[in-house]
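Asks: Sequence:
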Amino acid sequence: MASSQGTAAEANTNTVRNREAERRAAFDALSAQQAAVRVLLNEQQSELKEKEGALQQEREAFEREKERMVKMGVKKTDVVELNVGGRIFATTRATLCAEPDSILASMFSGRWENCLQHDKDGRIFLDF
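FYI, the numbering for the sequence shown is 1 to 128, going by my numbering.
Note that these hints are calculated values from the structure, not bench results. Do not take every clue at face value.
Stated by the list, open to error - Below, in silico cross-link-like pairs of lysine-lysine (BS3-like), each with a Cα-Cα straight-line distance of 25 Å or less:
no.: 1; residue 1: LYS120; residue 2: LYS75
no.: 2; residue 1: LYS51; residue 2: LYS75
no.: 3; residue 1: LYS66; residue 2: LYS76
Every value quoted in this text rests on a predicted model; they were computed, and no experiment measured them.
Using the sequences and the hints given, assemble the complete structure.
Replies: Written out as structure tokens, the structure reads:
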């Protein structure tokens with residue numbers, strides 16, 4: 001009976017050791033996964049910081065351009081006189097910029113104000 005108790009005790013000890021080994025293996029696997037997730041998170045965080053820096057630079061450039069346009073006195077309510085092929089028109093800058101992605105919006109946003117051709121009376125000259 002003593003040998004049977006010894007065998008049972010050895011079996012229990014082996015079972016406990018096996019479970020402990022399984023737990024260690026599972027812990028090691030989770031630790032490896034956690035390390036991989038940390039690496040991925042660090043990479044994504046670096047990418048995000050780069051994008052944030054680029055966005056900040058764009059924002060600063062936009063603010064400088066806005067300041068330049070304010071100094072030029074460009075407003076959406078400005079009345080713009082046009083000489084279109086000899087015909088004279090007057091409208092607001094807001095009307096010309098009503099369609100944001102149009103060529104007119106680009107031309108009259110104020111960004112290119114000094115580059116537009118003017119006639120002898122100071123009207124913006126367009127000849128399409």
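Asks: Now look at each hint and say whether the structure bears it out.
Replies: Structure-based check of each hint:
no.: 1; hint: LYS120 - LYS75; in the structure: holds (23 Å)
no.: 2; hint: LYS51 - LYS75; in the structure: violated (32 Å)
no.: 3; hint: LYS66 - LYS76; in the structure: holds (13 Å)
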